[in-house]
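Trainee: Respectively, the protein sequence lines represent chains A, B and C.
Every letter in the first sequence is one number past the one before it in the numbering used here, and letter 40, counting from 1, is 156.
Every letter in the second sequence is one number past the one before it in the numbering used here, and letter 129, counting from 1, is 140.
Every letter in the third sequence is one number past the one before it in the numbering used here, and letter 288, counting from 1, is 970.
Among these hints, one or two may not hold up.
Here are the simulated lysine-lysine pairs, DSS-like style, with alpha carbons at most 27 Å apart [what the hints assert, rightly or not]:
1. C:LYS877 with C:LYS851
2. A:LYS489 with A:LYS468
3. A:LYS513 with A:LYS289
4. B:LYS179 with C:LYS969
5. C:LYS971 with B:LYS179
A few chain A residues that don't get close to chain B, going by computed Cβ distances all over 12 Å [to be verified]:
6. ALA262
7. ASP387
8. TRP416
9. ASP471
Because the hints were derived from the structure by calculation, they are not lab data.
Cβ atoms here follow ideal geometry from the backbone N, Cα and C, with glycine treated the same way.
Each chain, letter by letter, is given below.
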Amino acid sequence: MKKRILLVFMLVILSVFVFANGAKEEPAASTETVQSSFQVTEWEIPFLNCLTGPIASIGEYLEWGAERAAWEINQAGGINGVPVKVTGIDTAMSPETGTVEMAKLAKNALVVMGPVPEPVILAAVPIAVRAGLYSFTATTSYEYAAKFFPWAISWFSPTEEKLPPVVTAWAKKNPDMKNVVQFVENYGAWPGMAKAHEIGLEKAGVTVLNQVDVPSDAVTFGPLVVKALSQNPDGIVFAANAEKVAKLILELQSRGWEDNSKLLVFSSADDGALYTTGGDNLNGVMIYNYVDPDLDTQRWKEFRAAFKADHDGMEPFSLSPNYYDAVYMIKRAIEETGITGDPAMLKEERIKIRDYCNNIQNFEGLMFNWSNKDGVPQDKPLFLFKIENGKKVLVEKVVPSNK
Amino acid sequence: MSLPLYYFLAITAVYILMTWALYLPYRVAHLHFIVVANMAISGYFGGYAAINWNWPFLLILAVGLILGAVVAFIVSIAIGDAPTFAVVIVGFTFIYITKTVIENWEALGSTMGMFGIPMVNHVLLVAYLFVLVTGFFIYRFDNSRLGRAASAIFVNRELATSFGVNTKHLGMFLQTWAGAIGGATGVLYAFIMNSLFPDFFTFHIIGITMTMLFLGGYTTMWGPLLAAPVLWGLPLLLPQEVASWKMIIYGVLLIVILLVRPEGAITRQVAARVRSIVLRR
Amino acid sequence: MEIFIAQIINGISLGSIYVLLVTGFNLLLLVAMIIHFSFPIVVVLSMYVSWIVLGLTGNNIFLGVIAGIVSAILINIITAPMFQHIMKKRGDVDINSTMVLSMGIGMIITDFLSHSVNSGFPIAFPDNLTGRNLGAFFQIGMISISRGDMISLSMGIVFVLGLFWILYKTRAGRAFRAIAEDPAGAKLVGIPILKTGLQSYAMTGVLGGVSAVSIAILLGSASPGLGDQLGHKVLAVSIIAGLGNLKGGLIIGILLGILEALVQGYWSGTWSNSIAFVVMLLAILIKPKGIFGIKL
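Could you put the whole structure together from the sequences, leaning on the hints where they help?
Mentor: Here is the structure:
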């Protein structure tokens, strides 16, 4: 009797994997070049994003940027006269969901934006690479995107090239600063960014003291701050998540730290949590990032006003322009390379987009123009700011050289 | 087969196996979270061996399974018949230690994660073969004298002991077995995803597999088999606005089922009824 | 020496958070036989309620504090019947399924907070609650105790002592304990089960609310993930000390805080969790029923 139960069980499982054995990635459409008479009715750009979970709000800001670009493009007549639509797809922080969602796109999508969180990038982008689908991982650091070249684009140059100059610039603003300690949280690319900060400090002739590791689930910060202060630093760099950075700064101040200009916060901590947690206590603190909120161009002013209108007066998030720019870059690639959207030409048109974007010249980004070389941006600037009443005031623009 | 279905089935296999890895020690009322650490240890080992030593997949799978079993066995010497809470704490401890070691180990990709684990053919086939074999053995176990002894321990440990059940040996056996499943599943996961990230092997996977175990039913092996594809697949089918409340939906389902059907969807009675229907045919 | 003392004080400050949460956790265990794994998450929810009311009332501290406490009582009274229902079905205490139920409640609260409050960003409490603007209560070099620390610590101590007194020195307290230990027997000797049960839930709710306010003062902010971060350690502390052992929880909670502060201060922050858990693991292996013994 039991054997029959087992038999049924085995049959069910067997049928799954007999079925599964045929699991072969279906090749994308034919490679032959033919003149297409196909007329696309809508350009759909799928965007694998993190719309739920702990960084859902950031996902929403990114989505907003992409949709804003699509809206502007459609107002101006679309891409080659055809409307564009950005379709947000939620992967949350889950690599597993990311793989399934990317797999759904592998067969038919012309191009894909995202994924956003690093664990999802690691799991899902290899599927796109194998399918010959180009992905815009526009929020992660170079080191993640580089693994997937030429099928992924990097929005940033290598960390050890891009970050040191801005840290050096900060150190030079404080010539009396001789010993700097760094708080580092062990997550994703952050330890690598901390290393790049050290290079910048050493270039400025500053001694780097023993790093203080920030536990990812720290709730109080007294022990870490005492450890840092016991080395008698005269400057501090923060490479941890926004909330923790704010709390570290509050704790430092409660133990007598006065000169906020000698505190430097890294770009990944520049989000709402820093300001909601730190409040006015952040006045005078320095922070670097890739976006200048006070840029004086019409396009940026409109973007900023629209973002504020949709977000209760909040300033645009520093990564908001990334997917806005990505949509425009896709538009330019489609228009310049004569992409038709014909499913029969999918494979070659995917390659056309890839090759065009990887080496795009003088791209008109929301904030500044830049060019790519083999998927890496060449002359993107960084900005050093001082925080005043929850706002960033530009102190210096730094353009690292890609050598 | 389409690519999305391929990934759906592959990850379903991972969830079924991990839920069974929780199910086995829970037969003697142990919530044995160390299986998540086993998964991480063997998964990372597998990734490293594939990338750096070019070991073949099946060899890695076998070594990963043994590695999981060995780690779990050593630990089980101390906690084979420990109170549930000691077992829970051991699980937490191993998860924290494993994660910290991985995050500080450059060769394993540290916090950046491990990239480029090679694609191999027939991972899905092997995964479901492993599900089949594991399911076969669990079925045999559940219907054996040992399985009944485990049920006795679940209901009343002292009474079971007085009837001559060796609670420690049975506990050690189940923990080691679960560790082996955890280890092998780690290797399968590494080769399905082709990458690993330290944050995956933490409490998020405990939350999901516990929900699968308790919703599906923890008194028979069929509960996880049903709950894994449903709970993991449903949010993929739901519209975006609903799917974004996935964790809340899981939480509500978990509470409702505990209140209405404390033993989960598939209880022993349901299993028996299905069995009689199958046998009558 | 100065640094060492400073780190010990930091450790006590962290430990006091564990103590507040472990005491509430143990109390639920004592009066209701509930393993409320997610009790810290419920406390974080009360912190959020308090924050919302502070925002609505222009930072009215009195109303903010009351809101925190009332919400904790309400959550407790709403969720209590679910726990009771599960246990009644078993006829015996089923520690595992109350723990899983608690996990379900935790999942819902955490996801709700990260979805729907303040765009998921952390919330910061105003200076007039945290006392940040008042400066340090005591400071020599790096040794520093803030006024906020002092206020929340004294509030915590008063309430915890008060609870001990109610539980062990009053008739009502004896009734609470009697119901938990033997509901049928308690009924036989004429203790009104429903009324007393509700009172005991309300009492643990009060402690939850006070903990919420104290932690708000101590930390100055909260985030959706805060309860999860604390949950594992609170459970561990309670087990190491001996489940339901209030005094044990107090001592082990403080010791864990000090241990973490010393590891973070003298070795590495990334290892502090692992080391804390290894030490607790050793303790549990040596004394499986907790260092101070189970008191149920």
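Trainee: Confirm or reject each hint.
Mentor: How the hints compare with the structure:
| no. | hint | verdict |
| --- | --- | --- |
| 1 | C:LYS877 with C:LYS851 | 19 Å, holds |
| 2 | A:LYS489 with A:LYS468 | 15 Å, holds |
| 3 | A:LYS513 with A:LYS289 | 13 Å, holds |
| 4 | B:LYS179 with C:LYS969 | 17 Å, holds |
| 5 | C:LYS971 with B:LYS179 | 17 Å, holds |
| 6 | ALA262 | 10 Å, violated |
| 7 | ASP387 | 19 Å, holds |
| 8 | TRP416 | 30 Å, holds |
| 9 | ASP471 | 23 Å, holds |
The structure fails hint 6 only (numbered hints given earlier).
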